[in-house]
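Knowing the structure of chain F, use the given hints to seat chain W on it.
In case you want the letters, here they are:
There are 2 protein chains.
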Amino acid sequence: MHKNIKNIEKLVFGRGSFNGIDGIIENKRKENNHFFLFIVDNYFKGKELAGKIPSRPEDVIRFIDVDPYEPTTEQIDSLRDEILNSKGLPSGVVGIGGGSIMDIAKAVSLMFTNEGSSTLYQGLNLIKKPGIYHLGVPTISGTGAEVSTTAVLTGPVKKLGLKCEWTVFDQVILDPELIATVPTDKWFYTGMDTYIHCIESETGTLNNAFSHAYAEQSLKLCREIFLGDDAGQTPDNDDKLMVASLMGGLSLTYSEVGVCHALSYGLSKILGAKHCLANCIAFQHLEDFYGEGLNEFRQMIKKHNITLPKNLSKDWTEEQITAMAEVAYNLPHMWHHAMGENWKDKISVENIKELYKRM
Amino acid sequence: MHKNIKNIEKLVFGRGSFNGIDGIIENKRKENNHFFLFIVDNYFKGKELAGKIPSRPEDVIRFIDVDPYEPTTEQIDSLRDEILNSKGLPSGVVGIGGGSIMDIAKAVSLMFTNEGSSTLYQGLNLIKKPGIYHLGVPTISGTGAEVSTTAVLTGPVKKLGLKCEWTVFDQVILDPELIATVPTDKWFYTGMDTYIHCIESETGTLNNAFSHAYAEQSLKLCREIFLGDDAGQTPDNDDKLMVASLMGGLSLTYSEVGVCHALSYGLSKILGAKHCLANCIAFQHLEDFYGEGLNEFRQMIKKHNITLPKNLSKDWTEEQITAMAEVAYNLPHMWHHAMGENWKDKISVENIKELYKRM
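Which chain is which? The protein sequence lines are F and W, in order.
Going by the numbering used here, the first residue of the first sequence is number 10, and it counts up by one from there.
Going by the numbering used here, the first residue of the second sequence is number 10, and it counts up by one from there.
Mixed in with the good hints, there may be bad ones.
Stated by the list, open to error - Only part of the chain F face toward chain W is listed, based on derived beta-carbon distances under 10 Å:
hint, residue
1, Met10
2, Leu133
3, Leu135
4, Lys138
5, Tyr223
6, Lys229
7, Met251
8, Tyr263
Hints were generated in silico from the structure; no laboratory data involved.
Even for Gly, the Cβ is constructed at its ideal location relative to N, Cα and C.
Looking at chain F on its own, in the form it has when it is part of the complex:
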């Protein structure tokens, strides 16, 4: 079966393009209850960017701290209920931030029009109605959340996305100026999410000429950004990272992620580890699966003096390790892609536990 993928509806790219946001949303203000909901990473509270948000008196700006945990179903439901009860249905949602803010904006835009808890809709094509207009403005690049067809949420039972064609943003603004101030550790971990997306997309049964072309170019950009003579956080590399993130996201969308993301989901669900760091923690031990990519990853780690957490598993209980392995095992599409149709003959919960014990 070939994937028929919904694109971002409209996309603008360029330094300073964020300044055009007021004109872009103006026409949408006629819809619903004539106000916009801006969801902004708490990092920008009081900073210059916050002052550039074209909010009007009727709008709601909500600063959200995404550091303590990944977006949850409960968080989406209560945000939705609170806005609906106080002001009714917004004209649209604008998310300004990283992957977590992108996912919150996408999820809440869907939940404004779909009744009940978001836990009901975790999975593929369970959403019943299109959401309201939603616009994404990434301020940190790498997760590909700006282009993906899913909004990943951690619920009481599963860490799984609201995944359907209506999840995709109606508009994305890619303004590389907005990622200039990302702290170096986050810049690295989030950039590595793109790198790992491409390695996983390429190394598996679903890879094809389309996903390959996107991964190949995204990897080329990652190499320039993280390994080249001009590596590091420069304006040119910020430009490149924004494009690499988009292309990596498109690559995995037409192919699939693999072993690293499966393990990473276990770390996040059971221990609350942040996605991009969790990927790096898992990836460093996956030489059995991604040997070449891992060599390059280690060069990047070295070049940027990154110290990844190690020997974590000595503090984990056997129960926690089993629980993580079960979360990871229950992502069959990732294992199928990484190891082929008969993946169950090749990997078991016990094997996965061994992988966690390396960490």
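Okay, now just chain W, sitting in the frame of chain F:
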């Protein structure tokens, strides 16, 4: 100003993906007068592909020979009038063919809902209403028409596109199996349209990290397809050319084409030359503008034993040459991109006439 570009709404890629078309359009059949208009390159009449078109008794299949001339405003208007008068408003339009068929499908989908002649709408954002659902199935790759925001038409006064966000396809099916039987000369000329798109997109003031990343990957694919050890019309290269065409189209959309396309438009408008061949005829004489690209182009010509028409200008009247130069000069966005803001200080109708006289 940053370009805010409408994407193809949904895109499927893969060998055999054309077989899923019936399922893709099924839901759309409820709309309007419950029939589809299939516009198919006459080349496929009686061939296997024609038998795979999922048409129902109420549908209209129109085979069109695009060899004699590029799509015209008159052709679009009369096709629209004929269908509306006989069967009313279709549920959607499916175009199966090359760039000309893509442009006809896009243009007629708009003209079904916009009154009067298509000559009224040649230009940017002149279209008043969204068109009907339209789906593109390229059977020859290179023009980028499958992704572009314009439907180029030759009218009594100008060769200019219906250009707006509603022009873009609602759905594209990229099935590389469909381009396997393209005759070698057309394969080459149309592939070179992609190559030239990238060279022109890269060489100009509007180039940026986004258009560059797309051009860079598209050029890499072109080099593999036309110059690599495995160059030629192979299944792998068909896969690659389909992706290269899309990426080249995206590159120029976020940047711009340049001198070659300006000259090519003159050749097509005044002499009726086909677009992709006209590009090649012009490009071979543009060492002043695209020296490096031209060297590589000549290697490709040589490798595939292509003989381009030369010494054509000896048969052209001074009047024809002047007319072509005026058509070319009146594409200011292309000259601006290629030569900078003060392009009028650098090039004149007289200079352009000299370029035509080289051909």
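Cross-check of the supplied hints:
Checking Met10(F) against chain W by beta carbon gives a least distance of about 8 Å; that is within 10 Å, so the hint holds. Of the supplied interface hints, the one on Leu133(F) is violated, with its beta-carbon coming no nearer than about 16 Å to a beta-carbon of chain W, more than 10 Å. A cut of 10 Å between beta carbons decides the hint on Leu135(F): the least distance to chain W is about 18 Å, and the hint is violated. Taken as an interface hint, Lys138(F) does not check out: its beta carbon lies about 15 Å from the nearest beta carbon of chain W, beyond 10 Å.
The criterion of a C-beta within 10 Å of any C-beta in chain W is met by Tyr223(F), whose closest approach is roughly 8 Å, and the hint holds. A cut of 10 Å between beta carbons decides the hint on Lys229(F): the least distance to chain W is about 7 Å, and the hint holds. Nearest Cβ of chain W to the Cβ of Met251(F): about 7 Å, under the 10 Å cut. The hint holds. Because the closest C-beta pair between Tyr263(F) and chain W is about 6 Å apart, less than 10 Å, the hint holds.
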